[in-house]
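Chains A and B are the protein sequences, given in the same order. Here the numbering used here is used: the first residue of the first sequence is 1, the next is one more, and so on. Here the numbering used here is used: the first residue of the second sequence is 1, the next is one more, and so on.
Think of the hints as simulated: they come from the structure by calculation, not from any bench. Heads up, some of the hints might be wrong.
A pair holds if it fits inside one copy or across any two, identical chains being indistinguishable in the list.
[What the hints assert, rightly or not] In silico DSSO-like cross-links for lysine-lysine, where the CA-CA straight-line distance does not exceed 30 Å:
| # | residue 1 | residue 2 |
| --- | --- | --- |
| 1 | Lys331 | Lys229 |
| 2 | Lys74 | Lys186 |
| 3 | Lys74 | Lys234 |
| 4 | Lys229 | Lys135 |
Computed from a predicted model, the values in this text were never measured in an experiment.
Protein chains: 2
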Amino acid sequence: MRRVRRPGLAACGLGLLIGLAVAARPTPAPSAAAQDRAADPLPSWNDGAAKKALLEFVKVTTDTGGPRFVPPEKRVATFDQDGTLWVSHPMYTQVVFCLDRVPAVVKEKPELKDREPFKTALNGDLAAVAKLPMKDLEEILVATMTGMSVEQFQAEVREWLATARHPRYRRPYTELVYQPMLEVLKYFRANGYKTYIVTGGGQDFVRVYAERVYGIPPEQVVGTAGGTKYGFDKDGRPTLTKEPRLLLNDNFAGKPEGIHLMIGRRPHAAFGNSTGDREMLEYTTVKNPGARLGMLVLHDAAEREYAYGPARGLPDTQVGTFSVALDEEAKERGWTVISMKSDWKRIFPWEP
Amino acid sequence: MRRVRRPGLAACGLGLLIGLAVAARPTPAPSAAAQDRAADPLPSWNDGAAKKALLEFVKVTTDTGGPRFVPPEKRVATFDQDGTLWVSHPMYTQVVFCLDRVPAVVKEKPELKDREPFKTALNGDLAAVAKLPMKDLEEILVATMTGMSVEQFQAEVREWLATARHPRYRRPYTELVYQPMLEVLKYFRANGYKTYIVTGGGQDFVRVYAERVYGIPPEQVVGTAGGTKYGFDKDGRPTLTKEPRLLLNDNFAGKPEGIHLMIGRRPHAAFGNSTGDREMLEYTTVKNPGARLGMLVLHDAAEREYAYGPARGLPDTQVGTFSVALDEEAKERGWTVISMKSDWKRIFPWEP
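Kindly produce the complete structure, drawing on both the sequences and the hints.
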């Protein structure tokens, strides 16, 4: 609800009569579209079970004196990123970033040029890269994301984000965020919820743009995190160097662990889209007192975005798997499955 | 600065004349004591370099349009706990907690009874315990703080805090907080700073009482942290079990690492009292643009609290060492040393 800003009594002062005249003049009626927006905090959502669950959850948890009221300091909502807040196909954005960095790494260390997995990565054959074993992919991640200072890494990410384009949409990756989820983030925050990203992606990577893109500050981004080493740079400035030492693998059971480590409270609402989010939704919703909300985004809008499962007969694309077992657990636990196709009027902010 | 709340123009409406009459009537003068409090956000501080540094820092960093203004989202201040916010002598509070838990642990595992270091710990001879090598102390910490669920551990801490008393002051440990530092926390928050604890103590331990005692919520407590293991308890509730696996040793160089991991921003102000805080103060203040504040509490008030250094000829008590080298670095870096004796009018909230 937007309140009309009115001048305080102090502003009356000498201009009292003018002030009263202004107050007496009727405010122009807002346009029908503006009225709709004011009435509906989730304008990109179609009416249905998902939208209803969101509205109902916020209503009961903010209803002072109601039986399911949650005090403001306990209002924590956690959001997976890849496939939940933005596109994760055909490949996780951060993996694309790492692959794009391989030439720079090889330039510094030419001995890697003819060695696998760097040779394949240099070829630019994404299909071949997608088939690399996890061990090889990890070697690329380590080579492209560690060994530099935190600030150098942040600068690399910023520069890449400014120029890289998604192969299908031909837009910067940061424009491939889901408008309906931006509305959920805003709606929850407007109702006193602290919104956190809890991502399998790199914490340092996501923090670079999360504030600008999602309105989520760095201290509210929980992600896969490596250790850093303290020292001084050549100018005598204290600096942290990113090390190939994993502190938190923020996926699967690592998500509740990360939530405890970084937030220290059990969320009241959690949003995901894949088997990597299962434990986070369990930790949030199962046998905890009070209102709890678990939601899973199902990618069933092939024409507008992507379609993958393999739940509900959708193709199994290996990236961001929504398994049959996850779908069954959702039913059992009372988690709401969001159908991108039916629940979302539009997917991207730039859609007409 | 407190602004008098005035009714908006809307409140004029029909009661306009009454409203104006109320506005015209002089407000009763506040009592002298209330005026002092309003005028001085740090009433337990004597005038001097330390108080001046605090007031000046907050003034310039919140002066919109001024050259050293810090935007609200970047206002981060970090505080060590032991010896900075509360008493850490004769022994770190958390170590006392662990020692007090040894009998319960031995009851569950009787085979530990005649084994060191548990035998010494069971004797209750604190002097002997203090002389235990670090390896032995760690064994006690692991035995008393891991293997249970996070919630069980929190319940143990709460129960202990309710009954344990400090040997000298005969008060609960949570009453042994420094009133001048509570004023600093409040003053910083009132000026838009997010206040964080960054402690070598256990994150899970400090989070139990930090909100109640310091007004600092769990998500703003960074501390030494171990891993947890996700699973289900016997009632089918998802649970995290504390494991003897160190994720972050939040001391010395671990403090900047912890700040990056959990906050992701370089602080503008940092407060400590010992060599374990050196790197945090460097990371905060050295060669960073804008206003930066580093402060160290010197324990030189033997009669009212404790006296230890060995800087400035104070006794070397091994707990919370303020070394000669730290004192020299403070001079070189422009860190302000707070003398408990001279800078603080009173130390504890309950002092007359």
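*asked:* Which constraints among the numbered hints does this structure fail? Numbers only, ascending.
replied: Checked against the structure, no hint fails, so every one of them is satisfied.
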